[in-house]
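S.K.: Residues per chain are reported as follows:
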Amino acid sequence: MTVTTPILEWRGIRKRFGGKTVLNGLDLEVDAGRSLVIMGGSGQGKSVTLKLALGLMRADAGDVLFEGKALSGGLGRHQQKLYRASGVLFQGAALFDSLTVWENVAFRLINADGRSRRAARVAALEALDQVRLESSVADLHPSELSGGMQKRVGLARAIVGRPRILFFDEPTTGLDPMTAEAINLLIVDLVKRLGCTAVSITHDMVSARTIADDIAMLDQGKVVWKGPVKDLDQAREGVVQRFISSSAGPPPAAG
Amino acid sequence: MAAAARLTLLAPVAAVGRLTLGLTRLTGALTLFALRGLLACLSLPFYGRQLLQQGVAIGFMSLPVIGLTAIFTGAALALNIYTGGGRFNAEQIVPQIVALGITRELAPVLAALMLAGRVAATIAAEIGAMRATEQIDAMRTLSTDPFRYLVAPRLLAGVVTLPILTGVADIIGIAGGWLVSTLTLDFNPAVYARATVDFVEVWDVQSGLIKAAVFGFIVTLMGCYHGYTAIGGARGVGRAATRAMVWSGVLIFATDYVLTTLFTRG
Ligand SMILES: Nc1ncnc2c1ncn2[C@@H]1O[C@H](COP(=O)(O)OP(=O)(O)OP(=O)(O)O)[C@@H](O)[C@H]1O
Ligand SMILES: [Mg+2]
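Protein chains in written order, with the working numbering: chain A, 1 to 255; chain B, 1 to 266.
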């Protein structure tokens with residue numbers, strides 16, 4: 001029992017949609033306390049990989065293991081245990097638009113943990129403060145916020161239950177570089193301060209280098225490269241090199 | 001050539017087969033969904049706040065439309081029965097037939113149709129939009145079962161409020177008949193009222209209310225089902241809303257016939 005099991009592990013995952021194979025024997029693991037970033041081209045199955053772990057989709061073959069035990073999906077007990085231990089930031093923030101900002105952040109506390117609304121509100125305001133949002137937004141509805149603020153609210157909702165494992169699906173996509181940078185730093189800070197494990201998806205090399213301990217590159221339904229972020233530039237795989245060079249930003253202006 | 005000809009000949013058969021398979025699959029999925037919904041109604045945690053909100057949105061807000069529908073229907077019904085009754089020199093039958101028609105048939109069916117128009121589409125659009133924007137996925141990761149939080153309160157609100165709305169429609173509909181009869185058809189107000197009260201049996205009202213409870217389940221179930229299973233973004237949400245409304249209507253009429261058969265046999 002001295003060997004540490006990874007906190008989360010994808011084993012031989014296969015997933016097809018209609019005739020199209022998206023994941024073709026995906027193997028991937030995350031060690032507790034590390035921040036893993038999954039990268040890859042559009043449509044390579046990054047979101048699907050996340051959704052499989054979250055029991056929002058079923059794999060055709062293979063298992064996702066949480067603390068060494070296979071997740072059953074949906075309403076299974078072990079899946080519920082993962083939900084209890086995790087916070088998720090969805091790509092579009094996925095805030096409940098019928099609820100106010102603080103009710104969104106406090107959703108788990110009120111509806112799953114049975115906390116009183118008053119206590120939940122206090123906790124929600126605290127979480128909003130952690131993502132640097134003024135308490136004046138607490139009583140607004142999500143539709144009254146900008147995209148960047150919605151992402152922050154999503155982030156606050158993800159961290160409010162003191163999760164051990166955080167999932168971020170493209171936390172900075174669609175944001176201006178300044179806001180993106182702020183969100184990245186926030187994520188790094190939160191992961192460090194809460195001591196969480198983090199699994200993130202991003203297209204953005206700058207984001208990845210900021211928030212990752214490890215990077216996994218997804219291509220053709222498999223992980224083609226995985227390693228610590230400092231080794232990324234030494235990677236020989238063509239996909240990785242293309243990814244690095246194409247997202248290096250515009251070349252410096254001549255003259 | 002021969003193969004192609006055979007294919008054309010078989011095309012109608014294939015179409016019927018496809019339709020049958022499709023309907024069977026839909027019935028199965030719908031039954032499972034309904035069972036999950038019922039189970040969620042009967043198990044904890046119970047979201048009272050949601051139920052209250054839905055009760056107001058589904059029930060209370062429908063009062064004006066259903067009241068208006070009832071009063072005009074009662075009035076028109078009285079006029080028609082008066083004309084029809086006149087052909088047998090039986091004009092005095094108006095209060096009895098109005099009461100029977102309203103309580104057993106018209107109040108529950110019309111209230112349900114109004115609810116289908118007002119509520120089924122709204123529910124489908126609401127839940128469909130939540131599906132499209134991953135709010136339902138988010139809810140599950142927040143350890144909250146969408147069937148308990150979203151579906152159960154709506155189903156319960158439908159089952160509880162539609163009978164109440166129907167009860168109100170009974171009274172307003174009969175009052176509509178009474179008004180037009182006493183104002184334009186020279187009925188004595190007290191005699192008309194007496195005739196109604198003496199004639200109506202408890203079962204007339206009860207059977208209508210039972211129908212209403214079933215219709216309330218159907219309308220909210222259609223809204224929830226089509227919203228929950230909506231695919232394809234904004235267009236999918238629009239499609240879900242239309243389907244919820246149309247299927248509510250069709251199922252209300254079909255179920256009404258079945259229930260009426262059961263209720264009139266005994
Ligand atoms: N529910 C679904 N039904 C059918 N096909 C799906 C579904 N979800 C994903 N797919 C398909 O699976 C493939 C991978 O999707 P996924 O969302 O995981 O890509 P991604 O790597 O996250 O891409 P992006 O970077 O663009 O978000 C896509 O081709 C997509 O069309
Ligand atoms: Mg994606």
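No lab work stands behind these hints: they were computed from the structure. Positions of the beta carbon are idealized from the N, C-alpha and C atoms, including for glycine. Mixed in with the good hints, there may be bad ones.
Stated by the list, open to error - In silico EDC-like pairs for lysine to aspartate or glutamate, Cα to Cα no more than 20 Å straight-line:
#, chain 1, residue 1, chain 2, residue 2
1, A, K81, A, D113
2, A, K222, A, D27
3, A, K81, B, D137
4, A, K51, A, D231
5, A, K51, B, D198
6, A, K81, A, D129
Unchecked claim - Not close to chain B: a few residues of chain A, all C-beta gaps over 10 Å, as computed:
#, residue
7, F17
8, V22
9, D97
10, M149
11, L190
S.K.: Hints first: check each against the structure and report whether it holds.
M.R.: Here is how each hint holds up against the structure:
A C-alpha spacing of about 13 Å is found between A:K81 and A:D113, which places the hinted pair at or below 20 Å, so the restraint holds. Distance check on the hinted pair: A:K222 and A:D27 sit about 7 Å apart at the alpha-carbon level, within 20 Å; holds. Proximity of A:K81 to B:D137 is assessed by CA-CA distance (about 16 Å); at most 20 Å being required, the pair is judged to hold. Restraint check: the Cα-Cα separation between A:K51 and A:D231 comes to about 28 Å, which exceeds 20 Å; the hinted pair is violated.
Straight-line distance between C-alpha atoms of A:K51 and B:D198 comes to about 64 Å, which puts the hinted pair past the 20 Å bound. Between A:K81 and A:D129 the alpha-carbon distance is near 27 Å, which puts this suggested pair outside the 20 Å criterion. Once the 10 Å rule is applied to beta carbons, A:F17 is consistent with being away from chain B; the minimum gap is 12 Å. Distance check on A:V22: its Cβ is at least 17 Å (rounded) from any Cβ of chain B, clearing the 10 Å threshold; non-interface status holds.
The non-interface label for A:D97 is inconsistent with chain B: the shortest C-beta to C-beta separation is roughly 8 Å, within 10 Å. For A:M149, the condition that its CB be more than 10 Å from all CB atoms of chain B holds, with the nearest at approximately 16 Å. Distance check on A:L190: its Cβ is at least 17 Å (rounded) from any Cβ of chain B, clearing the 10 Å threshold; non-interface status holds.
When each numbered hint is compared with the structure, violations occur for hints 4, 5, 6 and 9.
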